[in-house]
Amino acid sequence: MSFLANIFARRQQSSSVAKDRLQILLAHERSAGGESGESDLIRQLHKEIMEVIARHVAVDQDKVQIKVDRGSGCSMLEIDVEVPQELSGKRTS
Amino acid sequence: MSKVLVVTSGKGGVGKTTSTAALGAALAQSGQNVVVVDFDVGLRNLDLVMGAERRVVFDLINVVQGDARLSQALIRDKRCETLSILPASQTRDKDALTSEGVARVMDELREKFDWVICDSPAGIERGAQLAMYHADMAVIVTNPEVSSVRDSDRIIGLLDSKTKKAEQGEKVDKHLLLTRYDPARAARKEMLSVEDVLEILSIPLLGIVPESEDVLKSSNVGAPVTLAAPTSLPARAYFEAARRLSGEKLEVSVPVEKRGFLDWLFKRDA
Numbered sequence: 001m002s003f004l005a006n007i008f009a010r011r012q013q014s015s016s017v018a019k020d021r022l023q024i025l026l027a028h029e030r031s032a033g034g035e036s037g038e039s040d041l042i043r044q045l046h047k048e049i050m051e052v053i054a055r056h057v058a059v060d061q062d063k064v065q066i067k068v069d070r071g072s073g074c075s076m077l078e079i080d081v082e083v084p085q086e087l088s089g090k091r092t093s
Numbered sequence: 001m002s003k004v005l006v007v008t009s010g011k012g013g014v015g016k017t018t019s020t021a022a023l024g025a026a027l028a029q030s031g032q033n034v035v036v037v038d039f040d041v042g043l044r045n046l047d048l049v050m051g052a053e054r055r056v057v058f059d060l061i062n063v064v065q066g067d068a069r070l071s072q073a074l075i076r077d078k079r080c081e082t083l084s085i086l087p088a089s090q091t092r093d094k095d096a097l098t099s100e101g102v103a104r105v106m107d108e109l110r111e112k113f114d115w116v117i118c119d120s121p122a123g124i125e126r127g128a129q130l131a132m133y134h135a136d137m138a139v140i141v142t143n144p145e146v147s148s149v150r151d152s153d154r155i156i157g158l159l160d161s162k163t164k165k166a167e168q169g170e171k172v173d174k175h176l177l178l179t180r181y182d183p184a185r186a187a188r189k190e191m192l193s194v195e196d197v198l199e200i201l202s203i204p205l206l207g208i209v210p211e212s213e214d215v216l217k218s219s220n221v222g223a224p225v226t227l228a229a230p231t232s233l234p235a236r237a238y239f240e241a242a243r244r245l246s247g248e249k250l251e252v253s254v255p256v257e258k259r260g261f262l263d264w265l266f267k268r269d270a
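Chains A and B, in that order, give the protein sequences.
In case it helps, full-length UniProt numbering puts the first sequence at residues 1 to 93.
In case it helps, full-length UniProt numbering puts the second sequence at residues 1 to 270.
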């Protein structure tokens, strides 16, 4: 019967992945209260961080990448800003 | 030359999102630059089927309204680097999409990608019409079932009247993708056959995707079936459909699994 157990185990696997993914996703969507609470927080963080950076260097919006990875315990926000060469050079010299 | 393709059906639940993900991944695996765009504003699911739901920052509406750059909203697939997704908004409604805004985003996408694949919402309302408006080509996803065929006929009518191509006196290149097809039941005359559906809708056949458990397994793990189970019957059907979209002439065949001894033993019902 091992082949049956195998088939069964594989099914379990993909459905439990599905359940985990949904639980993480829905926890985030519900905590946002159905409205875009979480993405508002991200937008706010993004805006304020960019304001601080803009005080020192002129940043091209196209050179800013924002990445998010929502986990079950915590989320990761990654803001990647490309600082122009000549400006970063001037500051250090 | 870049192509805008809409995946549409009228009826819900026939496999638009599954097909968008599978065709997008199949085209991207052939080395072409592909973006899949979710137009189902308020009920986005393409991100979930593609496994990108945890990485959504900005969406189509943010880009349309100028709150984010297109490059900031695009999410690159982790498994296939030529594949990107532009998610829909989960919280806004479709009225936030303006025709001009969508036109601007579509132009920008055309510059960046070889294929822009738009996953239409169900229905024939504004959302579905916005999704199809810029299309050069359309994949009409149809199940061999009466209500699905009827709705597909309705959508074909809209493609011939409510698109930019139609307004310019041209035609959207339409293709039928028959999904959830069960050859055994069709053979027993319990299901509309491929010929029946083609006779009624009279548009060229892009492919026949058999009903298969691999489709659900793939969406469970958040991967297009063409990435998660590339040798499965539905994936093979999607790969062939993608080659036909790219202009190859391939005969369409009904995909059948060789029935093994075990199937016979357990008299597996379809």
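In case anyone wonders, no lab produced these hints; they're calculated from the structure.
Warning: the hint list may mix true and false statements.
[To be verified] The calculated DSSO-like cross-link candidates involving lysine-lysine, where the alpha carbons are at most 27 angstroms apart (straight line), are: (1) B:K78 with A:K19; (2) B:K171 with A:K67; (3) B:K78 with A:K63; (4) B:K78 with A:K67; (5) B:K162 with B:K94; (6) A:K47 with B:K3; (7) B:K189 with B:K3; (8) A:K63 with B:K162; (9) A:K67 with A:K19; (10) A:K67 with B:K112.
[As the list claims (entries may be wrong)] What follows is a set of in silico ranges between Cβ atoms, one per label pair, in the way DEER data are often shown: (11) B:G42 with A:A54: 43 to 49 angstroms; (12) A:V83 with B:S253: 37 to 43 angstroms; (13) B:E167 with A:M76: 43 to 49 angstroms; (14) B:E108 with A:D20: 34 to 40 angstroms; (15) B:K112 with A:E82: 34 to 40 angstroms; (16) A:K63 with B:D153: 46 to 52 angstroms; (17) A:V83 with B:E108: 23 to 29 angstroms; (18) A:L22 with B:E125: 23 to 29 angstroms; (19) A:I79 with B:D153: 44 to 50 angstroms.
This structure is a prediction, so every number in the text was calculated from the model and none was measured.
Backbone N, C-alpha and C define an ideal beta-carbon position, used for all residues, glycine too.
Consistency of the hints with the structure:
For the proposed pair K78 of chain B and K19 of chain A, the alpha carbon gap of about 21 angstroms is at most 27 angstroms, so the pair holds. For the given pair, K171 of chain B sits about 40 angstroms from K67 of chain A by alpha-carbon distance, which is inconsistent with the 27 angstroms threshold. Restraint check for K78 of chain B and K63 of chain A: the C-alpha separation of about 21 angstroms stays at or below 27 angstroms, so the hint holds. Distance restraint check for K78 of chain B and K67 of chain A: the Cα-Cα separation of roughly 13 angstroms lies within the 27 angstroms cut-off, and the hinted pair is therefore satisfied.
Straight-line distance between C-alpha atoms of K162 of chain B and K94 of chain B comes to about 18 angstroms, which keeps the hinted pair within the 27 angstroms bound. With a CA separation close to 35 angstroms, the supplied pair K47 of chain A and K3 of chain B exceeds the 27 angstroms bound. Distance check on the hinted pair: K189 of chain B and K3 of chain B sit about 38 angstroms apart at the alpha-carbon level, beyond 27 angstroms; violated. At roughly 38 angstroms between alpha-carbon atoms, K63 of chain A and K162 of chain B are farther apart than 27 angstroms, so this suggested pair is violated.
Restraint check for K67 of chain A and K19 of chain A: satisfied, since their Cα atoms lie roughly 24 angstroms apart, inside the 27 angstroms limit. Straight-line distance between C-alpha atoms of K67 of chain A and K112 of chain B comes to about 20 angstroms, which keeps the hinted pair within the 27 angstroms bound. At about 34 angstroms, the CB distance of G42 of chain B to A54 of chain A disagrees with the hint of 43 to 49 angstroms. For the pair V83 of chain A and S253 of chain B, the beta carbons lie near 56 angstroms from each other, so the given range of 37 to 43 angstroms is not met.
Roughly 46 angstroms separates the CB atoms of E167 of chain B and M76 of chain A, a value that falls within the hinted 43 to 49 angstroms. Hint check: E108 of chain B to D20 of chain A, Cβ distance near 35 angstroms, so the stated range 34 to 40 angstroms holds. Range check, K112 of chain B to E82 of chain A: about 18 angstroms between beta-carbon atoms, so the 34 to 40 angstroms window is missed. Between K63 of chain A and D153 of chain B, the C-beta spacing of about 48 angstroms keeps the proposed range 46 to 52 angstroms intact.
In this structure, V83 of chain A and E108 of chain B meet the distance hint of 23 to 29 angstroms, their C-beta atoms being roughly 25 angstroms apart. A hinted range of 23 to 29 angstroms holds for the C-beta pair L22 of chain A and E125 of chain B, which are about 28 angstroms apart. A hinted range of 44 to 50 angstroms holds for the C-beta pair I79 of chain A and D153 of chain B, which are about 49 angstroms apart.
This entry does not satisfy hints 2, 6, 7, 8, 11, 12 and 15, going by the numbered hints stated previously.
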